[in-house]
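> Here are the chains, one letter per residue:
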Amino acid sequence: NAGVTQTPKFQVLKTGQSMTLQCAQDMNHNSMYWYRQDPGMGLRLIYYSASEGTTDKGEVPNGYNVSRLNKREFSLRLESAAPSQTSVYFCASSDPGNEQYFGPGTRLTVT
Amino acid sequence: AQSVTQPDIHITVSEGASLELRCNYSYGATPYLFWYVQSPGQGLQLLLKYFSGDTLVQGIKGFEAEFKRSQSSFNLRKPSVHWSDAAEYFCAVGGPAGDYKLSFGAGTTVTVRA
Numbered sequence: 019n020a021g022v023t024q025t026p027k028f029q030v031l032k033t034g035q036s037m038t039l040q041c042a043q044d045m046n047h048n049s050m051y052w053y054r055q056d057p058g059m060g061l062r063l064i065y066y067s068a069s070e071g072t073t074d075k076g077e078v079p080n081g082y083n084v085s086r087l088n089k090r091e092f093s094l095r096l097e098s099a100a101p102s103q104t105s106v107y108f109c110a111s112s113d114p115g116n117e118q119y120f121g122p123g124t125r126l127t128v129t
Numbered sequence: 004a005q006s007v008t009q010p011d012i013h014i015t016v017s018e019g020a021s022l023e024l025r026c027n028y029s030y031g032a033t034p035y036l037f038w039y040v041q042s043p044g045q046g047l048q049l050l051l052k053y054f055s056g057d058t059l060v061q062g063i064k065g066f067e068a069e070f071k072r073s074q075s076s077f078n079l080r081k082p083s084v085h086w087s088d089a090a091e092y093f094c095a096v097g098g099p100a101g102d103y104k105l106s107f108g109a110g111t112t113v114t115v116r117a
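For the protein sequence lines, the chains are A and B, in the order given.
Residues 19 to 129, numbered by my numbering, are exactly what the first sequence covers, in order.
Residues 4 to 117, numbered by my numbering, are exactly what the second sequence covers, in order.
Quick caveat, the hints were computed from the structure, so don't treat them as lab data.
It cannot be assumed that every hint is accurate.
One-sided excerpt, in silico: chain B residues whose CB lies under 8 Å from chain A [unchecked claim]:
1) His13
2) Tyr30
3) Leu49
4) Lys52
5) Lys71
6) Phe93
7) Tyr103
8) Phe107
9) Ala109
Backbone N, C-alpha and C fix where the C-beta goes; we use that ideal spot for every residue, glycine too.
Whole structure, please, built from the sequences with the hints as guidance.
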């Protein structure tokens, strides 16, 4: 069991470039989440998908879009990257009412 | 709205000493509460969780936490710290009233000195 996997592990972008972060889970969970982690701020929810076919905004959705491709996969897209989006991004999955399982993270730097 | 406060940004403790990390939450109903640990460069690992029932919860790695509704707290404890416990610890709150989304505290970094 791989759990939650994320690609890439590291990425450097120039301001204005776009990219997609990929996330997949093999635990048959219904819900998936994208967070960003910044020093001193804990994890903040960007978007989530409570079930396949649905997505909703979290606390900090501006500048991001998501796609729940199927039950396993949930991608996060930055259409025009900004230095303020330099962060570590975590994907997580769960069944409603249970704990979330986290991926290893993607460290993104925007210059 | 739900939120979590972890009052201590950084704690230093000697190996073998006891550890207590504080967590205060705000939630409009009975909360689901979690403690996660993050080692440097890693993802988050669940230490323990509280949904209902016994207010003293046992977790992995010798950790426990106590839910106190009257104080809106869910403090994490370990009787004797090991050097491998050096990490960042996050408290989180969620529940059915918030579509099970979690809100995380800012984290407490624990340093263990020999």
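> Look at each hint and say if it fits the structure.
Tested hints:
1. A least Cβ separation of about 11 Å between His13 (chain B) and chain A goes past the 8 Å threshold, and the interface hint is therefore violated.
2. Evaluation of the Tyr30 (chain B) hint against chain A yields a violated restraint, the C-beta minimum of about 14 Å exceeding 8 Å.
3. Restraint check, Leu49 (chain B) versus chain A: the minimum CB separation of about 5 Å is within 8 Å; hint holds.
4. Annotation: Lys52 (chain B) was flagged as interfacial toward chain A, and the flag holds, the nearest CB pair being 5 Å apart, inside 8 Å.
5. The restraint placing Lys71 (chain B) at the interface with chain A is violated, with a minimum CB-CB distance near 21 Å, outside the 8 Å limit.
6. Interface hint at Phe93 (chain B): satisfied, since its Cβ lies 6 Å from the closest Cβ of chain A, which is below the 8 Å cut-off.
7. A least Cβ separation of about 5 Å between Tyr103 (chain B) and chain A falls short of the 8 Å threshold, and the interface hint therefore holds.
8. Annotation: Phe107 (chain B) was flagged as interfacial toward chain A, and the flag holds, the nearest CB pair being 4 Å apart, inside 8 Å.
9. Of the supplied interface hints, the one on Ala109 (chain B) holds, with its beta-carbon coming within about 5 Å of a beta-carbon of chain A, less than 8 Å.
Going down the numbered hints, you'll see the structure goes against 1, 2 and 5, while the others check out.
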